[in-house]
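Peer 1: Here's the letter readout for the chains.
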Amino acid sequence: MRNMKKVTAFFLVTVMTLSLAACGGTGGDKKKDDYNGGKEVEISYWNSGMGTEFLDEMCKAFNAKQSDWYVYFNATAAGNAVTATYPLEDVDTIDLYMSGEVPDISKKATLDDVLDSTADGDKKTIREKFDASHLESEVAADGHYYSLTWGGGALAIVYNKKLFDKVGIKETPRTTDELAVVCDKLMENGITPLTHYMNDAGTYWDYIQEVWQAQYDGMDYYRNNFYACKDEAGNSPSKDVLTKKDGRYQVLKAMEQFITPEYVLPGSNSQDHITMQTKFLNEDIGMMVNGSWLSNEMEGTGSVDNFGVMKTPVLSSITDKLSTVKNDALLRKLISAIDAVADGKEEISKYQSGDGYVVDGKQISAADWDIVKAARNMVAVNYPQQTLFIPSYSDAVEGAKEFLKFFYSDEGYKIFVDNIHYTLPMKLSEGEIDRSDWNGFEIEMDDVFQKAETCVSRHMKSCHDIFNNGGAKPYAGYKFVAMFCASNASDRMTADQAWDYIVEQIEGNYKNWLANIK
Amino acid sequence: MSKPKLRMPKSFRRKSKGEIALHIFVSFIFFLVAASYVYVFLWAVVAGTKTHTEIVINPFSLPQEWHWEHFLDVFSLLEVNGKNFWDMLFNSIYFSVGAVGLQHIVTMSFAYCCTKYKFPGSEWPYVIILIMLTLPLYGSGGASYRIYKALGMVDSYSHILSALSGFSMNFLYYRACFKSMSWSYAEAAMMDGADDFVIYGKVMMPMAKPIFGALFLTGWLGIWNNYESALIYLPNIPTLPVGIYQFNTEMVYRARLDILFAACVIISIPAIVLFIAFNRVITTNVSLGGIKG
Amino acid sequence: MEVFRKGKPINKRRVLFVICCCILPIINWLIFYVFANVSSFVMAFTDKDGALSFENFVRFWEELNNPVSDIRIAFRNTFLTFGIIVVTFPLKVLVSYFIYKKVPLAGVYRILFFLPSIIFSVALAMIFQKMISVNGFIAQWVQDWLNLSQPPELLADSRFANTVVILHMLWLTFPGDLIIWGGTFTRIPNDVLESAQIDGVNWWKEFTMITVPMVWPTVALQMVLMFCGIFGASGAVFLLTKGMYGTMTISAWMYLQLYNLTGSPHTSNAYNYMSAVGLIITVIAIGISLGIRKWTDKAFEEVEF
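Protein chains in written order, with our numbering: chain A, 1 to 518; chain B, 1 to 293; chain C, 1 to 305.
A hint or two may mislead.
Unchecked claim - Take a look, some chain C residues computed to stay more than 10 Å from chain B by CB distance:
| no. | residue |
| --- | --- |
| 1 | 26 |
| 2 | 53 |
| 3 | 61 |
| 4 | 76 |
| 5 | 87 |
| 6 | 128 |
| 7 | 175 |
| 8 | 199 |
| 9 | 209 |
| 10 | 246 |
| 11 | 255 |
| 12 | 278 |
| 13 | 295 |
| 14 | 298 |
To be verified - Selected chain A positions facing chain C (in silico; Cβ < 10 Å):
| no. | residue |
| --- | --- |
| 15 | 490 |
| 16 | 509 |
| 17 | 515 |
To be verified - Simulated coverage check for chain A against chain C, where a stretch passes if three residues somewhere in it have a Cβ under 8 Å from a Cβ of chain C:
| no. | segment |
| --- | --- |
| 18 | 269-282 |
| 19 | 476-489 |
What the hints contain is simulated information worked out from the structure, not anything from laboratory work.
The beta-carbon is built from N, C-alpha and C at its ideal position, and this holds for glycine as well.
With the sequences and hints as input, model every part of the structure.
Peer 2: Okay, structure coming up:
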């Protein structure tokens, strides 16, 4: 009886002490010291899979270079927990968030001055080092920059080179029609053409869809009309923009050809990306959409040596927009010519003829060449989904900005690249990135990204708020990829049925999306 | 030499043949269900000894090589939000033992006070709790989250303070227990000069030990296993179930299903051991039947 | 023991004792129950900026009438799940009853049947997902049984997903509440049962005419609690499917609203909408639980023993 009382009392005291101690803060990760006079920059970092080594090294390097600010970070894998206290001025102590997307810019500091600065030792401003098309996705509707990317990567269709060689496919598909032909050929040889993963957030196909939509509608319409929710007359928001049969419909028609239950590995709609990537690397599967992180993520479970990265095929129905190219065969030839020039294998003069070009004996207009070239050189990225920002109410705005200037300096960027083995949408101010210790896959993926001219992502900061906060999605959140290859025939939809369903969802939810942003 | 007579199991005595057949049939059904539970557990054990690739490619085969070291690797490799296995174990123990212990001590004291002492409002908690149990309220999750956040109890060890609640089903158990206790023990202690604190601490509380123990263990099992509220309120202070969930979803950017399933086995062991040791305490001391008002 | 006796001085130490025992639970209740529910009530009638609005209720009505909305699917699945819970309630009582009657290996089953509540539900769900994946024998068996062209993705196929979620729930809750019933049945006096056996009563009559009436308060309370929790009826939807493929339930929907918004609750009115939906189903649930209470009070007379 006495022991019971002692145990209970001890237990109570321990628990109450611990909980009182805990009231003072979470502790643990903070490395507070005052060697810089107590001025610190606290970073909240979303560890989405890139690890913490690069950031650790960067913080140490920055702290060693100057004595005004001490930078440290807390890491968490829970993306939404990183920004749980933004924008609560009274309780938020974070000075720099390195998180996912946070559309609310109400209390973010502008980063224009960071972009216009030149880091010590650099020869260009940070703005000049960044890819211009990527910066277009970072600029907010008011023309200012409130966030910049710190991670993510490019996405493309990864393919198994060995299986392609075995089947005799010498060239990666250049158009979506050709992609369907390649799937057929793989299938005939007992190889599963495609796999993907699916979860409640979607699938990697979502990114390629954006490229195809932009290819068909043009980047100008994609950015300034569709995702600005602005119709031709300038009305915004406009439901007509969302329900118009545009590039999204063409995407459905194209994907209907190769996202089929015959071509797609069974189980793709219900498994996570790690499981499907493991199968992709170890089984006879032809292609999978994936990103720059594949090699890192799958270390130890399968070699990426036999895998290559293809440029995103061009949507075959782009011929609707062309005047001199009206069939897929010619479109493929045109794309080959464009690739040859881009890769330096041919001179452009070989194809020039008068005001236009000649490919495979056919006259191609300059306008058509430019449209297809622009389409061919688009790459899907998710950089805008991993963004950093500084709360405007932080007491260390200046310090956070100094750190960002270091982060994006050549010295800081090299630390990033050496650890992660892929690049951000930016270049060094001088020289090239050292890729000597990268593997073949990493180099190929980087080449696809670096050679592209336009980064495509729907997560643009200039998106109309109906997308950012309203809940609107281009396909109304409908997972049509799963429905196209559903093993259940009654779940399956054609592209036209999917489009009608999507329009119905948009019509039904539009009012709610508007209500969410009032 | 005559054959020894087959002795029927004690439980079969006085049962008709039909009932014996029924019991055997029921036992067979129970066997299938219990076997499925055991199979699932053993599958996780075997999966923990495979490589990640083997689990994905051949989930139901035996491993080519048994990697028992994975069960030791769990302690160093299971990491979420910078917290390793031991951190998560501490968090699980802190919130399960701490929260349940606090809750039961507070509830027990509250029930004792309302049962044994008459003061204005002493009957109200009982009525309120009956109403709370029988008239459900939904949809307060958002409001609750905002309150916890405003009080700084999200992602904080102080979240344990939310356990200081006396308005729960446990109040009814303790109330029934104290109602059945004679006040003469307290009167005897009073004659010896004990005040109410001493009476409660040295006389009444020890007599409630059996029910406390049973309810504590039952409550602990529930909180130990809880992931739903921990995922919302403690994402950065992961307990073991939250750690497993986050390792599987947000943190499987590295391919270690082998570690994941080995961890599932490891973290189940404490609860299994405790339950086997105390299952009689739980099942014989908790009764909801015939609670007389 | 009266704390305040007329005409007698107040025992300050006793008052202090009462305060010590009561203050914490009362404050906790006021903050986390009363204030939370009052806030939720207010939020149901406001938009995210705090202005009075009925838009949440209008939105609920519109979504309820939309055949493919999450809310409508959630209501359908919740009632379906609840119906199954009601039907299987007596079966779960019977499981505990047979354990109590010591069927062969009852002692082993009593321990093994606790495995689902001991092993983390997160772990169980992950293992379950692996076992019913297209590589597994269950999917193969379904393919053979239904003559499908390929093994189905049981949790990603609207033909099967909801059934699988419900079967998963039934499988894990098969033993029912052994703790409650085990303790309850052991309190039944043996002499009553023995004299019934001597009179030749079979097991079914013993169960229905002796055992159940004797434990009716427990049965009644469990039934009331079951009906009170009608809108909480759900399988492990969050863990298995996140509500996709037609598996959404009310409780999963509520949880997903909270889970998806905890990082940025200031930019959406989803909490207000959730409060409005909660208020509506509270009203319905209260009506149902009051009705069932009346029925249980009349169904059996309580037997004192």
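Peer 1: For each hint, tell me whether it holds in the structure or not.
Peer 2: Results of checking the hints against the structure:
no. : hint    : result
1   : 26      : violated (8 Å)
2   : 53      : holds (16 Å)
3   : 61      : holds (16 Å)
4   : 76      : holds (17 Å)
5   : 87      : holds (17 Å)
6   : 128     : violated (7 Å)
7   : 175     : violated (8 Å)
8   : 199     : holds (12 Å)
9   : 209     : holds (16 Å)
10  : 246     : holds (22 Å)
11  : 255     : violated (7 Å)
12  : 278     : violated (1 Å)
13  : 295     : holds (13 Å)
14  : 298     : holds (16 Å)
15  : 490     : holds (7 Å)
16  : 509     : holds (9 Å)
17  : 515     : holds (6 Å)
18  : 269-282 : holds (count 3)
19  : 476-489 : holds (count 5)
Of the numbered hints stated above, those contradicted by the structure are hints 1, 6, 7, 11, 12, listed in ascending order.
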